[in-house]
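Each chain, letter by letter, is given below.
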Amino acid sequence: MSKDNQILEDLNSKEYEHGWSVNFETDEAPIGLNEDIIRWISTKKEEPSWLLDWRLKAFKIWQGMTEPNWSNVNYLKMDLQALRFYSAPKQSKKPKNINEVDPELIAIYERLGISLNEQKRLQGIAIDVVLDSVSVATTFKETLGKLGIIFCSFSEAVKEHPELIQKYLGLVVPMTDNYYAALNAAVFSDGSFCYIPKGVRCPMELSTYFRINAANTGQFERTLIVADDSSYVSYLEGCTAPQRDENQLHAAVVEIYAGAHAEVKYSTVQNWFPGDKDGKGGIYNFVTKRGICAGDHSKISWTQVETGSAVTWKYPSCILKGDYSIGEFYSVAVTNNFQQADTGTKMIHIGKNTKSRIVSKGISAGKSQNSYRGQVQVMKRAHNARNFSQCDSLLMGNQCGAHTFPYIDIANPSAKVEHEATTSKIGEDQIFYCNQRGIATEDAVALIVNGYAKEVLNQLPMEFAVEAQKLLALTLEGSVG
Amino acid sequence: MLSIKNLHASIEGTPILRGINLEVKAGEVHAIMGPNGSGKSTLASVLAGREEYEVTEGEVLFQGKELLPLSPEDRARKGVFLAFQYPIEIPGVSTTNFLRTALNQVREYRGQEPLDAVKFLSLMKEKMALVEIDQKLLSRSLNEGFSGGEKKRNEIFQMAMLNPILSILDETDSGLDIDALRIVSNGVNKLKSDKNATIVVTHYQRLLDYIVPDFVHVLYKGRIVKSGTKELALELEEKGYDWIKEEVDSTATV
Ligand SMILES: Nc1ncnc2c1ncn2[C@@H]1O[C@H](COP(=O)(O)OP(=O)(O)OP(=O)(O)O)[C@@H](O)[C@H]1O
Ligand SMILES: [Mg+2]
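Sequence lines, in order, name chains A and B. If you read the first sequence in my numbering, its first letter stands for residue 1, the second for the next number, and so on. If you read the second sequence in my numbering, its first letter stands for residue 1001, the second for the next number, and so on.
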């Protein structure tokens, strides 16, 4: 019997490490979704009327839309009317700085392995944490403030920088874009906002950490990153959720705007609860992420390591509008047990001499399904557009699936588009070679998988890369005999 | 140290090893020769624990204990090393990273602390000098795009790093140029002690000029059909295998 077959027999998923929840008092919206709920959220957040109007408009649009079913995932439709659309940890007053944050919240982050103080001290990463729906703490605000960098919760930005929010909100991902984007626009609760002024290079990694805690809540955060001309920022996003039997919905929107000569690097390590080994529970992760290279010579680079969620539906994309702009997408998506991932990217070449690069590494184990869906579109005036796509799939066992759906759409004959795809299995001879040097099979798999994903992991900031490597190993633990 | 008794092994129902007997003592070097397909690599793989081979009869004692029930990684941790005839490529994993993982797992098994980066590096430097391997090679993906000779040299480098008790070198000489053969052989000789032993599988006397064997065995059709001292290798070089084959095949039919 081959090792591959044993993989299947011995399948047992590693218990999800972050699967705990904490009981503390919350401010919750009534269950269900209607105009009144939206008004409730907006009032709760003391929002200006322009934002309420914007939400209500999105809600109307959403009501006229139907849930998309073109992706290669199967799941029971969620009853949105049974969800709670807002849940915030109750705090007596708004924390002004990290020292005023509820110690119980801090304890949560520590259990997540992200002690804020430690983060602050050791890594010099500014971090904003979104628990359930509300952004709780933003560190390093003063340091960044001196450079004119704004990094705060979305709600705060609405109050403090309404002109920026009004200018950029929905610019890259309009509320009409898709079902989940419209839903997010109607009910989004909080998120992070970041603005880098002209010519400023952000001296530290900016980081958001999302966690869903309460039961039966959807999490709908919005992230908006604006990099003005000639600026640079590297932005990190991490996610976890407690282990629950029922499915939870996560429908976020991320918008990135890059001015001329600006560069934005956006890295995600997604580790939402994937459901148990029988496929029960887990997060539905339906996310719209898009960036626009608005100015000439701008660059947006997406790097994602997707290990969690029961169902992932996510296509970080780049609109390459400025001439000589560059879009990049580096992705590792691992699925095990009954997980389903349909992920990829869209590169839309509008400007001249625009370039895009796609490196997608899928890893499937168990009975999971892993799809890459990518579109490269070259518009008529995009002379000399270049794209290179590399889509690799690694299979572990023979009950899982890997699928590649590349769409190429070229309206300018000077375009050069290259697509390479490979499918491989972890070889028994590779595992034996590792074994022969004293490496246990499980560690051999981790080593081989990390090697396979290296090109993508290399794109991550150092400390994130280490975390991502551990996560890959953890996700696949027990998947080889 | 190693005692192989009446070892039979088959793959997918086809018997390949058909009663191997071999005694190897600490401090000894044994050469195994024999025509293509006679079962040399199979013997090496069975000793290392490759699962595809089914042992149908016989036993193997290593340092007085049964070897065959152990997993391949535990055999390695106890000091069995196989330099592969065809080393395997692992894309994206450098030799350095690979060896660090391996060495620390071996150390953990033996109840030793893992080596920190500094100590590991200095050990690497020392062993690199032994087989004159280029550091650049060690940071590339393991065996990927390595030349034939580079792969073989890398195997011996790994052996030096892991410091095994029993080393089985499966045609390590093939693919090495004349200078490399001398360098790698010198490396193997320097690693020799009265506590470890080496089995070299080879087709050529040339290697045995450098790594001088105490015993030479001829494997044919899954059995050791002739054993002798280093002079046997010279005789084989001169006369080929036909005379042995005839000897064996005629006695078999009688
Ligand atoms: N999967 C298999 N199915 C059937 N026969 C096999 C299989 N694998 C190996 N063999 C056979 O086992 C025999 C012994 O092979 P082995 O590799 O041990 O020979 P060797 O002595 O090392 O030869 P060489 O000198 O060419 O390296 C060969 O005849 C080979 O074809
Ligand atoms: Mg052989």
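If you're looking for bench data, these hints aren't it; they were derived computationally from the structure. All values reported here derive from a predicted model rather than from experimental measurement. Virtual Cβ for every residue (Gly too), placed ideally from N, Cα, C. There could be a bad hint or two in this list.
Claimed, not checked - Straight-line alpha carbon distances no greater than 27 Å define the calculated DSS-like cross-link-like pairs of lysine-lysine that follow:
1) A:Lys-454 to B:Lys-1125
2) A:Lys-470 to B:Lys-1119
3) A:Lys-454 to B:Lys-1119
4) A:Lys-57 to A:Lys-45
5) B:Lys-1230 to A:Lys-454
6) A:Lys-159 to A:Lys-146
Claimed, not checked - Pairwise CB distance ranges (calculated):
7) A:Glu-420 to B:Lys-1119: 36 to 42 Å
8) A:Asp-429 to B:Gly-1013: 18 to 24 Å
9) A:Lys-146 to B:Arg-1110: 49 to 55 Å
10) A:Glu-163 to B:Lys-1125: 45 to 51 Å
11) A:Gly-427 to B:Pro-1069: 49 to 55 Å
12) B:Glu-1144 to A:Tyr-179: 43 to 49 Å
13) B:Asp-1134 to A:Gly-427: 35 to 41 Å
Hint check:
1. A:Lys-454 to B:Lys-1125: holds, 25 Å
2. A:Lys-470 to B:Lys-1119: The given pair, whose Cα atoms are some 24 Å apart, holds under the 27 Å limit.
3. A:Lys-454 to B:Lys-1119: Cα-Cα ~25 Å, so holds.
4. A:Lys-57 to A:Lys-45: holds, 18 Å
5. B:Lys-1230 to A:Lys-454: violated, 48 Å
6. A:Lys-159 to A:Lys-146: holds, 20 Å
7. A:Glu-420 to B:Lys-1119: 36 to 42 Å: holds, 41 Å
8. A:Asp-429 to B:Gly-1013: 18 to 24 Å: Given about 21 Å between the Cβ atoms, the range holds.
9. A:Lys-146 to B:Arg-1110: 49 to 55 Å: Because 54 Å falls inside the window, the suggested range holds.
10. A:Glu-163 to B:Lys-1125: 45 to 51 Å: Violated, since Glu-163 of chain A and Lys-1125 of chain B (Cβ atoms, about 60 Å apart) do not stay within the stated range.
11. A:Gly-427 to B:Pro-1069: 49 to 55 Å: violated, 25 Å
12. B:Glu-1144 to A:Tyr-179: 43 to 49 Å: holds, 44 Å
13. B:Asp-1134 to A:Gly-427: 35 to 41 Å: Cβ of Asp-1134 of chain B to Cβ of Gly-427 of chain A: about 27 Å, so the range 35 to 41 Å is violated.
The structure shown violates the earlier hints numbered 5, 10, 11 and 13.
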